[in-house]
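Q: Sequence:
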Amino acid sequence: MSTTQSQKPASLNKFEKIKAEKDGLDVKDELEKFAQIGWEAMEKSDLEHRLKWVGVFYRPVTPGKFMLRMRTPSGILSSNQLRVLAEIVQRYGADGSADITTRQNIQLRGVRLEDIPDIFRRLDEVEMTSMQSGMDNVRNITGSPVAGIDGSELIDTRELVQKVQDMITNNGEGNYAFTNLPRKFNIAIEGGRDNSVHAEINDIAFVPAYKNGELGFNVLVGGFFSAKRCEGAIPLNAWVPPNNDDVVDLCRAILSVFRDNGARANRQKSRLMWLIDELGMDKFRSMVEREFGRSLESAAEKDEIDWEKRDCIGVNKQKQASLNYVGLHVPVGRLYAQDMFDFARLAEVYGSCEVRLTVEQNVIIPNILDDNLPDFLTEPLLEKFSINPQPLERALVSCTGSQFCNFALVETKNRASMLAKQLDAELEIPSPVRIHWTGCPNSCGQPQVADIGLMGTKVRKDGKTVEGVDLYMGGKVGKDAQLGTCVQKGIPCDELNNVLRRILIESFAAKPK
Numbered sequence: 000m001s002t003t004q005s006q007k008p009a010s011l012n013k014f015e016k017i018k019a020e021k022d023g024l025d026v027k028d029e030l031e032k033f034a035q036i037g038w039e040a041m042e043k044s045d046l047e048h049r050l051k052w053v054g055v056f057y058r059p060v061t062p063g064k065f066m067l068r069m070r071t072p073s074g075i076l077s078s079n080q081l082r083v084l085a086e087i088v089q090r091y092g093a094d095g096s097a098d099i100t101t102r103q104n105i106q107l108r109g110v111r112l113e114d115i116p117d118i119f120r121r122l123d124e125v126e127m128t129s130m131q132s133g134m135d136n137v138r139n140i141t142g143s144p145v146a147g148i149d150g151s152e153l154i155d156t157r158e159l160v161q162k163v164q165d166m167i168t169n170n171g172e173g174n175y176a177f178t179n180l181p182r183k184f185n186i187a188i189e190g191g192r193d194n195s196v197h198a199e200i201n202d203i204a205f206v207p208a209y210k211n212g213e214l215g216f217n218v219l220v221g222g223f224f225s226a227k228r229c230e231g232a233i234p235l236n237a238w239v240p241p242n243n244d245d246v247v248d249l250c251r252a253i254l255s256v257f258r259d260n261g262a263r264a265n266r267q268k269s270r271l272m273w274l275i276d277e278l279g280m281d282k283f284r285s286m287v288e289r290e291f292g293r294s295l296e297s298a299a300e301k302d303e304i305d306w307e308k309r310d311c312i313g314v315n316k317q318k319q320a321s322l323n324y325v326g327l328h329v330p331v332g333r334l335y336a337q338d339m340f341d342f343a344r345l346a347e348v349y350g351s352c353e354v355r356l357t358v359e360q361n362v363i364i365p366n367i368l369d370d371n372l373p374d375f376l377t378e379p380l381l382e383k384f385s386i387n388p389q390p391l392e393r394a395l396v397s398c399t400g401s402q403f404c405n406f407a408l409v410e411t412k413n414r415a416s417m418l419a420k421q422l423d424a425e426l427e428i429p430s431p432v433r434i435h436w437t438g439c440p441n442s443c444g445q446p447q448v449a450d451i452g453l454m455g456t457k458v459r460k461d462g463k464t465v466e467g468v469d470l471y472m473g474g475k476v477g478k479d480a481q482l483g484t485c486v487q488k489g490i491p492c493d494e495l496n497n498v499l500r501r502i503l504i505e506s507f508a509a510k511p512k
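For what it's worth, numbering that gives the first Met the number 0 labels the leading residue of the sequence shown as 0, then goes sequentially.
Don't take each hint at face value.
[As the list claims (entries may be wrong)] As a list, the in silico SDA-like pairs of lysine to any residue whose alpha-carbon atoms are at most 25 Å apart:
id : residue 1 : residue 2
1  : Lys510    : Ile428
2  : Lys162    : Arg251
3  : Lys162    : Glu124
4  : Lys475    : Ala299
5  : Lys457    : Pro59
Treat the hints as calculated values from the structure; they're not laboratory data.
Based on the provided sequences and hints, a complete structural model is requested.
A: Encoded structure:
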């Protein structure tokens with residue numbers, strides 16, 4: 000038993016006590032029983048917390064209609080997998096939908112608990128899993144959305160991302176070694192030059208770097224967002240070669256140090272960076288080396304993140320001759336069953352039966368032959384999911400918002416889309432402006448990495464409490480990435496059109512049409 004796990008119960012917070020009573024993964028063996036007795040008869044901590052260990056989320060704002068969070072390493076899905084996901088949400092009619100997330104993942108909405116055993120059997124048949132995708136687990140592992148097809152890429156990270164996921168989840172079966180972390184944990188592995196994964200906001204990030212002429216990864220640690228603190232990742236002063244043994248073993252070592260030593264009393268001070276602060280980087284690094292079982296090489300002097308970030312929308316040449324990938328814009332990441340069926344069909348007719356998701360909540364269809372491009376570009380689906388969207392809509396990102404999330408203080412997705420359409424219609428904007436919406440301080444919509452970030456809050460106006468936002472600016476992605484800061488608090492949502500219009504004109508060279 001680890002030192003943190005042996006703390007006397009009085010020092011543990013509510014969630015640690017729940018985990019001490021029963022490991023979250025244990026509910027995997029009770030799903031058939033839950034399906035039979037129904038959600039209303041379930042023990043509260045199983046319903047509201049432990050189900051998240053298998054990716055099933057009770058939503059108080061839509062009781063009886065659950066969210067299922069998948070694991071899609073590197074955001075890659077086969078057309079067959081996507082079709083199965085479409086069939087799952089299709090059975091729920093108007094209640095069924097899916098959201099692409101800011102971690103290249105997909106979440107299914109409207110799911111009924113009584114269907115979960117059958118759904119899990121169907122997912123297993125197509126080699127998909129939702130295991131350990133919520134609560135104090137490692138979340139979806141991100142990689143370049145154009146890994147293996149990008150002509151300028153340095154390292155194809157697809158196998159590495161998959162191997163790290165397999166280690167953490169025991170090949171999707173569930174792994175008790177990593178089901179009791181002090182807090183959630185994010186890992187990203189970047190193989191390109193443009194920091195497509197937002198390395199700076201991950202607990203562990205691998206970024207390409209040359210050392211003595213050999214290509215490998217520099218390692219960053221500790222990046223995170225929370226309601227009380229946001230920090231960019233910092234160098235571990237470590238370089239590893241780009242092979243499974245080193246990358247997987249280093250992830251395992253860092254996770255083990257965090258599991259055994261991370262704080263468990265105050266959940267606002269339980270992310271990895273708090274442990275690094277407490278230990279100091281030198282001691283933390285030496286503890287990681289002990290778990291790693293060998294010395295870490297010092298970091299390369301510089302990494303190879305030297306491009307501005309691409310959004311991959313539109314038609315793009317692949318490194319393979321005569322092949323192209325096409326990025327389609329999905330407004331705020333929201334999909335319905337028919338959309339998913341349509342994407343699967345396009346991938347089969349024109350591509351290689353593969354679909355990819357991006358952290359900007361969009362879809363890429365790779366491996367389209369030059370000869371097939373003209374027909375592809377006439378497909379009706381491109382009228383809904385454009386390859387040349389308007390500047391604000393193009394770079395818009397939004398969390399779930401209050402429609403489905405009980406933490407959200409404001410409605411986000413519909414409002415974000417409406418405002419972007421209005422402002423695109425009113426203004427000539429010379430280049431995309433990244434506007435990110437998040438419904439609460441948990442920052443799922445990542446407002447700190449945006450040109451303009453909007454965080455939901457409640458404000459007083461005319462003697463009434465109304466929905467509003469805090470305004471963030473200055474976030475930068477790609478090379479020299481940095482987090483933005485809050486510049487104005489408490490803006491009522493019904494005043495946002497004028498506020499954003501002024502900012503776009505003053506700071507982003509927009510002009511009234």
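Q: Look at each hint and say if it fits the structure.
A: Now for the hints, and whether the structure bears them out:
1. For the hint pairing Lys510 with Ile428, the CA-to-CA distance comes to about 7 Å; that is within 25 Å, so the pair holds.
2. With a C-alpha separation of about 11 Å, the suggested pairing of Lys162 with Arg251 holds against the 25 Å cut-off.
3. A distance of roughly 20 Å separates the Cα atoms of Lys162 and Glu124; the hinted pair therefore holds under the 25 Å criterion.
4. For the hint pairing Lys475 with Ala299, the CA-to-CA distance comes to about 23 Å; that is within 25 Å, so the pair holds.
5. A C-alpha spacing of about 20 Å is found between Lys457 and Pro59, which places the hinted pair at or below 25 Å, so the restraint holds.
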